[in-house]
Amino acid sequence: MSGPILEVKGLVAGYGKKRAVHGVDLTLNKGETLLVLGHNGAGKTTLMQSVFGLNPPMAGQVFYEGRDVTARNPALNVADGLAFVPQGHAIFSSLTVRDNLELGAFVETDRARIQKHLDDVFSMFPILKEREKQIAGTFSGGQKQMLAIGMALMHGPRVLILDEPSIGLAPNLVDRVMKSVEEIKRRFDASIIIVEQNVKYSLPVADRVVVLKTGGVIYEGAPEPLMDHQKLIELF
1 MSGPILEVKG LVAGYGKKRA VHGVDLTLNK GETLLVLGHN GAGKTTLMQS
51 VFGLNPPMAG QVFYEGRDVT ARNPALNVAD GLAFVPQGHA IFSSLTVRDN
101 LELGAFVETD RARIQKHLDD VFSMFPILKE REKQIAGTFS GGQKQMLAIG
151 MALMHGPRVL ILDEPSIGLA PNLVDRVMKS VEEIKRRFDA SIIIVEQNVK
201 YSLPVADRVV VLKTGGVIYE GAPEPLMDHQ KLIELF
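Per UniProt numbering, the very first residue in the sequence shown carries number 1; after that it's consecutive.
None of the hints are false.
Here are the simulated EDC-like cross-link-like pairs (lysine to aspartate or glutamate), alpha carbons at most 16 Å apart as the crow flies:
(1) Lys200 <-> Glu164
(2) Lys185 <-> Asp120
(3) Lys30 <-> Glu65
(4) Lys30 <-> Glu7
(5) Lys185 <-> Asp207
(6) Lys185 <-> Glu32
(7) Lys200 <-> Asp175
(8) Lys30 <-> Asp189
(9) Lys116 <-> Glu183
(10) Lys179 <-> Asp207
(11) Lys133 <-> Glu102
(12) Lys9 <-> Asp68
(13) Lys179 <-> Glu164
(14) Lys179 <-> Asp120
(15) Lys133 <-> Asp99
(16) Lys116 <-> Asp189
(17) Lys213 <-> Asp25
(18) Lys129 <-> Glu102
(19) Lys200 <-> Glu224
(20) Lys200 <-> Asp228
(21) Lys129 <-> Asp119
(22) Lys9 <-> Glu220
(23) Lys179 <-> Glu32
(24) Lys129 <-> Asp99
(25) Lys9 <-> Glu65
(26) Lys30 <-> Glu182
(27) Lys116 <-> Glu102
Bear in mind the hints are in silico, worked out from the structure with no lab data behind them.
Required output: the full structure, derived from the provided sequences and hints.
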């Protein structure tokens, strides 16, 4: 692991006049999996939307590979190697699996790279290969989540943000999605932020953890101390 690839400094964000994030500092190092924990309403999603440019911050700055990208158009962020997988299975339900994945590569022009990424996605999630001609809307929740992640990987991101990937999934599928994190890092050389409430499945894949509460950071450090239930009770 080397230096930071993504830095957030003093970020304030919200909706209208309501602030949900209050001066948050956050760093993602190259090759790292950073877990952002917190209950509903803690400001996790608002923070990530602001980092990605979907919800411009009220104050503060976002730096990607040392460059200020605060409030930059999300399309430019995607072209520059950032990917964001939002809650709710962001796929095109009326299209086939294959069509969804190819749309995920819309910023990539090198056909060889597109094929490499497609092969990697199919290798990680074999169900997508088996059903590549199936209409995506007929998939289960877990299969849709795999497809959404696959779409985000199709342009070979250097930073991947997963916003609550466990929502609505059965435990065995949550485990499968979380276990894919190490494979994503290896195959795509990506640094990853996972936003979660599911402590049990997400802690084991994290290199470092940030806990948010009412829009502020109340813990930052190694995941091991949070495996103590009493510590979690104290934080939450």
